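*Asks:* Protein sequence lines, in the order shown, are assigned to chains A and B. Residues in the first sequence are numbered from 1285 upward in steps of one, following the numbering used here. Residues in the second sequence are numbered from 20 upward in steps of one, following the numbering used here.
These aren't lab readings, by the way, just hints derived from the structure by calculation. Remember, predicted model here, so these are calculated numbers, not experimental data. Any given hint might turn out to be false.
[Said to hold, decoys possible] Okay, derived cross-link-like pairs now, DMTMM-like style, lysine to aspartate or glutamate, Cα gap no bigger than 25 Å in a straight line:
(1) B:K33 x B:D45
(2) A:K1289 x B:D45
(3) A:K1289 x B:E91
(4) B:K28 x A:D1337
(5) A:K1352 x A:D1337
(6) A:K1326 x B:E91
(7) B:K33 x A:E1310
(8) A:K1341 x B:D75
(9) A:K1396 x B:D75
(10) A:K1326 x A:E1310
(11) A:K1355 x B:E91
(12) B:K63 x A:D1363
(13) B:K63 x A:E1310
(14) A:K1299 x A:D1315
(15) A:K1342 x A:D1315
(16) A:K1326 x B:E78
(17) A:K1355 x B:D75
(18) A:K1384 x B:D75
(19) A:K1341 x B:D45
(20) A:K1384 x B:D45
(21) B:K76 x B:D57
(22) A:K1396 x B:E78
(23) B:K76 x A:E1310
(24) B:K76 x A:D1337
If you want the building blocks of each chain, they are given just below.
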Amino acid sequence: QQQVKQSPQSLIVQKGGISIINCAYENTAFDYFPWYQQFPGKGPALLIAIRPDVSEKKEGRFTISFNKSAKQFSLHIMDSQPGDSATYFCAAPSDSNTGKLIFGQGTTLQVKP
Amino acid sequence: NAGVTQTPKFRILKIGQSMTLQCTQDMNHNYMYWYRQDPGMGLKLIYYSVGAGITDKGEVPNGYNVSRSTTEDFPLRLELAAPSQTSVYFCASLPSMGEANYGYTFGSGTRLTVV
């Protein structure tokens, strides 16, 4: 079973700071790497995603950096806000034809006011 | 659109009991999935379906069963509940490959406790 390793497990950041979450994957064959955001008591929701043919994708305060040679990708949250406090999951496709995802272990982010 | 609806939201089962977790989507999505979420473990795939009448095992299928008689419904059956099945269960859907690119729509989850 392919793995996606996510770190750190938890993160505390002051309001206005930068939150950084890292993921490493094993299989280089796949073409889409999404990040999900989950608030307490809710299901995860797609936050942002990247294809490995680009090194960076930015949407508002959220940026994914992708390093194909190192098989790593990171989520950066700029100007972190208390409303960003949530659990974040990275994921990678399990194969190319079933839509199955392998999720990282999750990072619980707390942004302090 | 309701999206993906899961029922019940909470349930306590005794060891050895059985139950069905319901999942319904109204988006005409072909692909559906059941994941379980345990603290510090991420989400693990239990079963999935790529269309009505087609189901297959995921990473952690033991103790569970599914059926997919319609596009809309994908119930998860727990037989002989065990404490190891205490978890939060999420159902998710995806239109099809080539569309929405792994942007799952998740339900709000079922929190199950087996005592």
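*Asks:* Quickly compare the C-alpha distance for A:K1326 and B:E91 to 25 Å and report which way the hint goes.
*Replies:* This hinted pair holds, its Cα atoms lying about 21 Å apart.
*Asks:* Verify the proposed pairing of B:K33 with B:D45, using a straight-line Cα cut of 25 Å.
*Replies:* Distance of about 32 Å is beyond 25 Å: violated.
*Asks:* Please work out if B:K33 and A:E1310 have their alpha carbons no farther apart than 25 Å.
*Replies:* violated (39 Å)
*Asks:* Just to be careful, I want the Cα atoms of A:K1355 and B:E91 compared with a cutoff of 25 Å; is the pair within it?
*Replies:* Not satisfied, since the Cα-Cα distance of roughly 37 Å exceeds 25 Å.
*Asks:* Regarding the pair A:K1299 and A:D1315, is the alpha-carbon distance no greater than 25 Å?
*Replies:* This hinted pair is violated, its Cα atoms lying about 34 Å apart.
*Asks:* Below or equal to 25 Å on CA atoms is what counts here, so check A:K1341 against B:D75.
*Replies:* With a Cα-Cα distance of about 34 Å, the restraint between A:K1341 and B:D75 is violated, given a limit of 25 Å.
*Asks:* Please work out if A:K1384 and B:D45 have their alpha carbons no farther apart than 25 Å.
*Replies:* holds (20 Å)
*Asks:* For the pair supplied as a hint, A:K1326 and B:E78, is the alpha-carbon distance within the 25 Å limit?
*Replies:* holds (23 Å)
*Asks:* Given the hint that B:K76 pairs with B:D57, does the C-alpha gap stay at or below 25 Å?
*Replies:* holds (19 Å)
*Asks:* For the pair supplied as a hint, B:K76 and A:E1310, confirm whether the alpha-carbon distance does not exceed 25 Å.
*Replies:* It holds: about 22 Å lies between the C-alpha atoms, which stays within 25 Å.
*Asks:* Given the hint that A:K1352 pairs with A:D1337, does the C-alpha gap stay at or below 25 Å?
*Replies:* holds (8 Å)
*Asks:* Given the hint that B:K63 pairs with A:D1363, does the C-alpha gap stay at or below 25 Å?
*Replies:* violated (32 Å)
In this structure, the hints that do not hold are numbers 1, 2, 3, 4, 7, 8, 9, 10, 11, 12, 14, 17, 19, 22, 24, in rising order.
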